[in-house]
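Colleague: Starting from the two chains in their separate frames, assemble the complex, guided by the hints.
The chain contents come next:
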Amino acid sequence: MTKHYLISHENWDKVLNRAISKYHLYAPVIRENHQDYKLVEQEQDISHIIYNTAKPASPLKTFFLPVKENVVREPEGTSRIILGIPPCDLAGLEMLDTFYLEEPYVDPYYRDRRENTLLIGTDCFTAQEHCHCTTYGVSPAVEKYADIRLASHEGNMYLTVLSGKGEEFVREYIAGEARETDESRMAPVWEKSGQLKKELEERNSRLPGYERTGVLIRKSGEDIWEKYAADCVSCGACSSICPTCTCFLLIDRPEFEKVRSLDTCQHPAFERVAAGEDPLHSKSARFRNRYLCKYVWRPEKYNTLACTGCGRCIEACIARINKNELFVELNA
Amino acid sequence: MPEATARTRSKTRKPARNMYTPLPATVEKVIDESPTIKTIAMIPDEEFSFKTGEFIELTIPGIGEAPFTPSSSPLETKRMEVTVMKTGYVTDYIHRLKKGDRVGIRGPFGRGYPLEDMYGKEILILGGGCGFAPIRSLLYNLMAEKDQFRKVTLCYGSKTPEECIYKPFINELRSVEKFEVLRSVDKPDETWEESVGVVTVLLDEIRVDIPNAVAVVCGPPIMMKFGTFKLLEMGFPENKIFLSMEKNMSCGLGKCGHCTMGKYFVCKDGPVFTYDEIKDQPDIWS
Numbered sequence: 021m022t023k024h025y026l027i028s029h030e031n032w033d034k035v036l037n038r039a040i041s042k043y044h045l046y047a048p049v050i051r052e053n054h055q056d057y058k059l060v061e062q063e064q065d066i067s068h069i070i071y072n073t074a075k076p077a078s079p080l081k082t083f084f085l086p087v088k089e090n091v092v093r094e095p096e097g098t099s100r101i102i103l104g105i106p107p108c109d110l111a112g113l114e115m116l117d118t119f120y121l122e123e124p125y126v127d128p129y130y131r132d133r134r135e136n137t138l139l140i141g142t143d144c145f146t147a148q149e150h151c152h153c154t155t156y157g158v159s160p161a162v163e164k165y166a167d168i169r170l171a172s173h174e175g176n177m178y179l180t181v182l183s184g185k186g187e188e189f190v191r192e193y194i195a196g197e198a199r200e201t202d203e204s205r206m207a208p209v210w211e212k213s214g215q216l217k218k219e220l221e222e223r224n225s226r227l228p229g230y231e232r233t234g235v236l237i238r239k240s241g242e243d244i245w246e247k248y249a250a251d252c253v254s255c256g257a258c259s260s261i262c263p264t265c266t267c268f269l270l271i272d273r274p275e276f277e278k279v280r281s282l283d284t285c286q287h288p289a290f291e292r293v294a295a296g297e298d299p300l301h302s303k304s305a306r307f308r309n310r311y312l313c314k315y316v317w318r319p320e321k322y323n324t325l326a327c328t329g330c331g332r333c334i335e336a337c338i339a340r341i342n343k344n345e346l347f348v349e350l351n352a
Numbered sequence: 008m009p010e011a012t013a014r015t016r017s018k019t020r021k022p023a024r025n026m027y028t029p030l031p032a033t034v035e036k037v038i039d040e041s042p043t044i045k046t047i048a049m050i051p052d053e054e055f056s057f058k059t060g061e062f063i064e065l066t067i068p069g070i071g072e073a074p075f076t077p078s079s080s081p082l083e084t085k086r087m088e089v090t091v092m093k094t095g096y097v098t099d100y101i102h103r104l105k106k107g108d109r110v111g112i113r114g115p116f117g118r119g120y121p122l123e124d125m126y127g128k129e130i131l132i133l134g135g136g137c138g139f140a141p142i143r144s145l146l147y148n149l150m151a152e153k154d155q156f157r158k159v160t161l162c163y164g165s166k167t168p169e170e171c172i173y174k175p176f177i178n179e180l181r182s183v184e185k186f187e188v189l190r191s192v193d194k195p196d197e198t199w200e201e202s203v204g205v206v207t208v209l210l211d212e213i214r215v216d217i218p219n220a221v222a223v224v225c226g227p228p229i230m231m232k233f234g235t236f237k238l239l240e241m242g243f244p245e246n247k248i249f250l251s252m253e254k255n256m257s258c259g260l261g262k263c264g265h266c267t268m269g270k271y272f273v274c275k276d277g278p279v280f281t282y283d284e285i286k287d288q289p290d291i292w293s
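Just so you know, the protein sequences line up as chains A and B, in that order. Numbered per our numbering, the first sequence spans residues 21 to 352. Numbered per our numbering, the second sequence spans residues 8 to 293.
With the rest of the complex left out, here is chain B (with noise of 0.2 Å):
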């Protein structure tokens, strides 16, 4: 390896703008979601925009960062939200965060959800388990301009009712008009009154107009599998669902190699996809 020098020679420079310094966010509230997902709201130190489907990574100082797609509404700048399952050593450390508490932002990233090419359609969203965050932040934004969309039918799936994330929302979004909600749960309990099963038995239970509609699909990678086969044998086209991919994304900028799919990257020319854009590239499920 080359040697290292103690001589300098410096002429500083200010790069143009440094997409790896986060800006600095304090924890506004966190709010228990389910026995394992939490909703951290934050206030960034300054005005932050992003379009809904497009990411971020939150930064624990000194611990490590997470991408998630923000769960709030991409019309509100001066506060986020993110919604975070509990699965591994980042995500344990934002669990344990509290009202104060000091966190970076970096992004937004990657891209988002067409929104201008789903104007005058149908939009048939299917979410399962923590999926629903991004899809959260796109029915915010499709509620905020819902003269511009003929119909949205939400299909949501989790283990369990206890599980089943934004209550208060899914309530609030089922007296929108234009707006339809459908649940279903794995393992119900005596007080589940929805569907029963995996989140694809409800699009039986759906009436959409194909021609005129695009599909969304966000959750785990075993429900995004069949979710989209699903939908595909209902006759959508592969170029008219929209996938949000899940990598293992880090530098946000198509660079450090982490989220490769085979010749894309996730964090930069995702995380939303047409299935027509990545079916032939590999382990796109796992």
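If we strip away everything but chain A, and leave its shape as in the complex, we get (with noise of 0.2 Å):
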């Protein structure tokens, strides 16, 4: 059954000084104008981590595929928590653990990096501008992929146990100073999020689902990708801030080594082989590639969502390039 614990927000952050000396432990504090996961390592800094606001800035998969790493060494084994993790970011977990620990190449480094980390998700209780994880039937409550589900609500803290990772913490580091409680008392908790759930929905009414994107933009001409890709520089920063993509280079060294570091479909010759030939070679190309991907290609062969409806992408585009307004238009 599952265990709901309530404890003081004074105590929850003495649990969290006792767990740094084990852990790194990644939490969101508020930089400069953005929120944004920071290493925790004293007792001072616990103080300033924020919960139950929208998305960090970097999505959840910087943790599990660093931006560039060697990979001929010895994984690193580093145990930590990751706390403060959205839903729309571990809705985005499904599809990495369903592409990075697929049989029979399971990636080393990855499964390392996952079966270390604990992670700590929590409701959200706002929403960011382009938030529309309730279109792609991802919820703003922690329901799946966390060890923990957390709220912070009226000076108390309200844990959910949704693991046996999740467990064992509960029993070495919450238990003595908490007190377990029922369902009934985590309602009034729970029920942020559900309202906020109705105003994502409310929202984003005009924006097509998941599925229905996915038939769109195969049946789309190109007129409409040439019109949104006009503007795109091919920076590639709507993939690297997304928390489902996951295309990489690898870079060779001297001595056998090799360097993985994150790619994307946007930049120009990425699918070109030696003899010239480059599937993606227009900019429009590229840019629907990338859509094709995510609502067509990897749902149909994962089974699982590549697009979790987090937004970062409109966020992150410097010709304020927006594929909501692009599947309004394809769905008008």
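Because the hints were derived from the structure by calculation, they are not lab data. This structure is a prediction, so every number in the text was calculated from the model and none was measured. We put the beta carbon where it would ideally sit given N, CA and C, even for glycine. Relax, there's no trap hidden among the hints.
Residues of chain A placed beyond 12 Å of chain B at every Cβ, according to the derived structure:
#1 Lys23
#2 Glu63
#3 Glu114
#4 Glu163
#5 Glu187
#6 Glu188
#7 Ala249
Stretch by stretch, here's where chain A covers chain B in the computed footprint (C-beta under 8 Å, at least three residues):
#8 55-68
#9 241-255
#10 258-272
Modeller: Right under this line is the structure:
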């Protein structure tokens, strides 16, 4: 049976203070004008952690797929806690797990990081301008893929244990300070993300759903892609910031060392072969390719969401390309 | 981005098998096949086995990697050959290799030719240019198991007689029972005594029992395209045409995304596909 706990904010901070002696703890803080994860190294940093706001700037994948890493060394095995993960990024983890833990080539670096990381998800109580998780069936409440669900409410922290790993952590660090409670006590807290869900559904009511978007993209003509890609500079920010974009470039170093560096189909020559053929030669073909991948090919092949509606690609685009406007137009 | 940290609380663990680490090999010999094509024979530090049609990534340390289907026999595990056309940055370095140089081999990767499905059948092979490389490996395999097959017909095309590769191998093959070889060139010279024209002209010269045959096609994209269309026109079923696809395979593991062909990763789901598997995917001939 699912276990729920109630702990005062003060005691929760003590829990975290004990945990940082064993774990690398990453949690969202306000950094200048945005919110992002920070490594919490000292007791005084703990009070800066923010809870239950909308997503941090960096997607969760950054913790499992670093921008650059040597892939012929042994994995590090560092124990980590990532706190404050929004539900959209947890939904993206399903894609990453399916992809990187798929037999026969289980990625040793991804697996090592997944196994050694405790995930504490937090419900979203507020949303940002481009959040549209509910359009794709993702709820702003933490339902799965986290080890612990956490919400901060009126000076207390409300915890729900979602996995064996989460249970172990609770037993070791929290049980002494916390009081087990029943689901009825959680209801007022959970109601907050329930309210946000309704708001998001209303706000994004014109946006076609996930499967519908796939159908629309498949049958779309070239014109609309050329129109929306006109200002694209192929910088790849949309992919870098995407919780489910996974492509990379392998770079060879002397002595048979290899470095894996995140890459994107938005970069020119991504698919070009030595003889010169390049199916993604044009900018609009590359631009469309990313959405074909997310809404058609990945779901068809892996049966998981490859866009979780976080909206980061819209926020990150320096050309101010808004894929949701494109999909509304396609749906018109 | 999350902040990096200098602190470590490491407990290192060996991965079961790291597919990014190449197996070092020493270049044994470099054979000039044509002005633009060379075959590199290598001795891997450990025995290395592959199935015909599977590919490897050949690593030039510090320079890069490129995918090749070995052109040597899959029955040989101590020595491997790859046949490389000089087309770009990495292949330029490969062409500069000499005896004793150290290279790396990763793999084998992907899905090769399904030999068992070809047992009892007649096999028609259509090859062009450097696309002969995977086919030679297949032919070695077919020669070793020739009792399993009714007949093997190789139709090979190249631009000029000078660019016809594997000349000694062709002579060897012509002396093997059940094997027939037809060649054509686009631009003949005065010594050329075989067919003239694009490789598909050879298909008009052969007799093939289509209901009991499979076809294998490997070559440049344009030749693959028109070769496949011709085979379809002749009446070959879509699922009996095996195509060895070329895309920008990099990791070999179906992860890096560079060889995406619609829903497939050519490196993992291919490189050998039947035509019916890929006909609805985008950009298969480019």
